[in-house]
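Protein sequence lines correspond, in order, to chains A and B.
Be aware that the first sequence starts at 1, since it is given in the numbering used here, and climbs by one per residue.
Be aware that the second sequence starts at 1, since it is given in the numbering used here, and climbs by one per residue.
Calculated directly from the structure, the hints in this document are not laboratory data.
Treat the hints with care, since some could be wrong.
Here are the simulated lysine-lysine pairs, DSSO-like style, with alpha carbons at most 27 angstroms apart [unchecked claim]:
(1) B:Lys12 / A:Lys12
(2) B:Lys197 / B:Lys226
(3) A:Lys273 / B:Lys197
(4) A:Lys226 / A:Lys197
(5) A:Lys174 / A:Lys67
(6) B:Lys273 / A:Lys67
(7) A:Lys226 / A:Lys179
In this text the structure is predicted, and so the values were computed from the model without any measurement.
There are 2 protein chains.
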Amino acid sequence: MAVITPNRRVRKTPFTPGVEAAGVGGYTVYNHTLLPTFFESVEADAAHLKQHVQVWDVSCERQVQVKGPDALRLMKMLSPRDMDRMQADQCYYVPIVDHNGGMLNDPVAIKLADDQYWLSVADGDLWQFALGLAIALGLDVEITEPDVSPLAVQGPKADDLMERVFGDQVRDIKFFRYKRLRFEDQEFIVARSGWSKQGGFEIYVEGSEYGMPLWDTLFANGQNLKVRAGCPNNIERVESGLLSFGSDMRRENTPYECGLARFCNSPLDYIGKSALAGQAENGPPRQIRPLVIEGEIGPCTQSWPLLANSTQVGQVASAVYSPEFGVNVAIGMVDRAYWEPGTRIELMTEHGMRWAEVQQSFWR
Amino acid sequence: MAVITPNRRVRKTPFTPGVEAAGVGGYTVYNHTLLPTFFESVEADAAHLKQHVQVWDVSCERQVQVKGPDALRLMKMLSPRDMDRMQADQCYYVPIVDHNGGMLNDPVAIKLADDQYWLSVADGDLWQFALGLAIALGLDVEITEPDVSPLAVQGPKADDLMERVFGDQVRDIKFFRYKRLRFEDQEFIVARSGWSKQGGFEIYVEGSEYGMPLWDTLFANGQNLKVRAGCPNNIERVESGLLSFGSDMRRENTPYECGLARFCNSPLDYIGKSALAGQAENGPPRQIRPLVIEGEIGPCTQSWPLLANSTQVGQVASAVYSPEFGVNVAIGMVDRAYWEPGTRIELMTEHGMRWAEVQQSFWR
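Using the sequences and the hints given, assemble the complete structure.
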């Protein structure tokens with residue numbers, strides 16, 4: 001595998017010195033920003049994550065700040081989810097779609113004030129879409145990327161570690177809710193969220209200068225919890241059915257195809273709503289399914305077609321061997337005629353043909 | 001340096017098998033796509049590029065297709081350049097700005113038909129900006145990313161190689177003009193352009209299935225021209241003053257600051273025009289300048305501040321030793337009070353303080 005060449009365009013983060021010192025083994029690029037992919041190995045990292053606690057540099061989850069008198073108006077155009085039900089301390093997972101109902105991104109929205117929202121975005125310059133809308137409609141709103149770098153603390157001991165740094169009020173934060181908690185002379189949004197199902201938090205670190213002090217404080221306080229540097233783990237997240245925008249779903253997919261129907265409850269005429277009416281009524285023609293792939297598989301570095309009688313009936317873009325479950329776990333987008341649990345479908349991998357079987361549910 | 005972990009989100013290209021077989025040494029990610037950064041070494045690649053001919057996988061220059069009855073209307077909103085002067089076979093370098101005049105991208109526009117344009121974009125999802133405008137205004141236009149992967153043929157022997165594959169009409173293509181030329185059963189846009197000043201072409205390969213056949217044909221025909229796989233070369237492009245969007249300039253910069261005033265000649269009220277009126281009249285407060293950096297410098301992997309009396313007066317984001325010119329060549333954004341040729345300014349690099357001197361012009 002080739003090395004990655006850093007420059008100003010592919011941004012380092014406030015935590016990069018810590019990530020490098022911890023011996024990062026691989027990177028990807030996400031929102032023009034470095035994102036670690038493993039430290040010891042994806043397998044060893046997964047095993048540690050499930051037992052202890054890890055600190056993840058997820059600065060690449062950039063914030064699209066929507067601020068101004070028309071902020072809520074723009075959010076209501078963008079959001080298939082009912083923004084009027086959003087409570088002040090809530091995090092909202094929001095699939096955002098184009099006029100055809102095609103997925104543009106799947107951010108987590110946070111309301112900071114009545115006229116100020118952050119969208120913590122998946123890979124893609126969603127701010128450009130919001131900016132285009134705002135300019136064309138003459139909305140009184142600013143679309144910017146503030147100096148905010150999320151740091152995730154994930155794993156079963158996450159509460160223990162976070163309590164030592166932010167106090168015992170972290171334990172009262174409910175899932176997908178946040179509190180404003182103090183670190184040094186600054187308050188950060190601290191949410192119970194993160195891209196694993198091992199529990200934990202995301203700290204929205206506002207001000208790059210707080211990055212390494214917070215990183216160092218977490219590691220200093222976590223030594224006897226066996227804290228380690230980690231990152232979104234490709235084994236744990238596939239077992240958990242956590243979708244990666246750009247891999248598992250894209251603009252050619254609707255939220256219904258992604259299994260996100262429950263997030264499309266806005267009574268308003270948001271962008272794409274009319275185009276989605278048919279799928280809202282009758283369901284989508286294909287949908288995300290968990291799959292087990294038989295035999296040995298190599299790395300999944302591209303989309304693998306699912307085939308029935310030599311016709312494509314879907315694809316797999318995430319697949320990896322799970323040491324915990326002893327099978328190759330995978331996420332597929334599968335046509336309706338083949339999506340019933342137990343259905344076996346041929347899969348054309350980079351490394352040869354394999355059989356894949358649709359599962360009832362993800363592994364956690 | 002850490003390796004890069006590929007997946008579906010970070011896209012391979014139609015030429016990736018050729019790039020890998022040629023022994024690519026490093027990658028960056030550009031528009032969610034792999035872009036090679038060196039093969040033998042940046043130094044050796046530069047020397048070869050200046051003598052012979054190279055084939056570059058620049059598929060990452062994705063095309064934003066603007067197609068439909070309102071295509072020209074949208075292009076005129078987006079373009080600071082006078083679209084009515086654009087001739088049918090012309091390529092237009094177009095800085096695109098937001099309502100404040102801040103750079104969003106600097107694509108090359110190609111007119112395929114009266115109702116169909118391609119924008120060959122720098123790193124950034126400009127299609128999302130165009131889509132936001134189109135949806136908000138109800139324009140009758142489709143914004144898509146077609147299956148088009150540019151392949152560059154660069155170097156002093158580029159005409160010789162291209163003639164062998166596309167015929168002698170390639171020699172008649174003028175700078176930033178294009179012809180439609182046949183390869184197998186398909187016609188490709190072939191433009192005299194590319195991100196070097198060594199001369200050459202960009203082939204807009206439409207249809208991924210033509211990628212490796214064309215790659216192989218170019219190499220088969222170029223053996224006695226010493227053809228090699230190459231990529232945008234960081235030494236040659238800094239010597240040549242070719243700006244990298246995201247590194248040398250960003251949304252906080254105007255086209256005037258980037259030295260692109262001559263491309264802001266539209267008589268129409270394009271987005272950002274009124275915000276730029278002051279700089280159009282009086283010039284910008286800072287501007288791109290060539291710099292020589294004294295002493296030894298390490299890799300420039302982030303923005304280096306330029307300092308005068310401990311105050312920041314600009315920054316450098318591209319700097320590298322030039323074996324040809326025997327100095328460290330650099331691209332800086334420099335405040336007006338310090339931009340005169342001969343001015344010496346302190347530079348805070350990752351590797352210590354250095355002196356930088358403003359030059360009269362880039363090296364070619």
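Next item on the list: Check each numbered hint from earlier against the structure, then list the numbers of those it violates in ascending order.
Entry: 3
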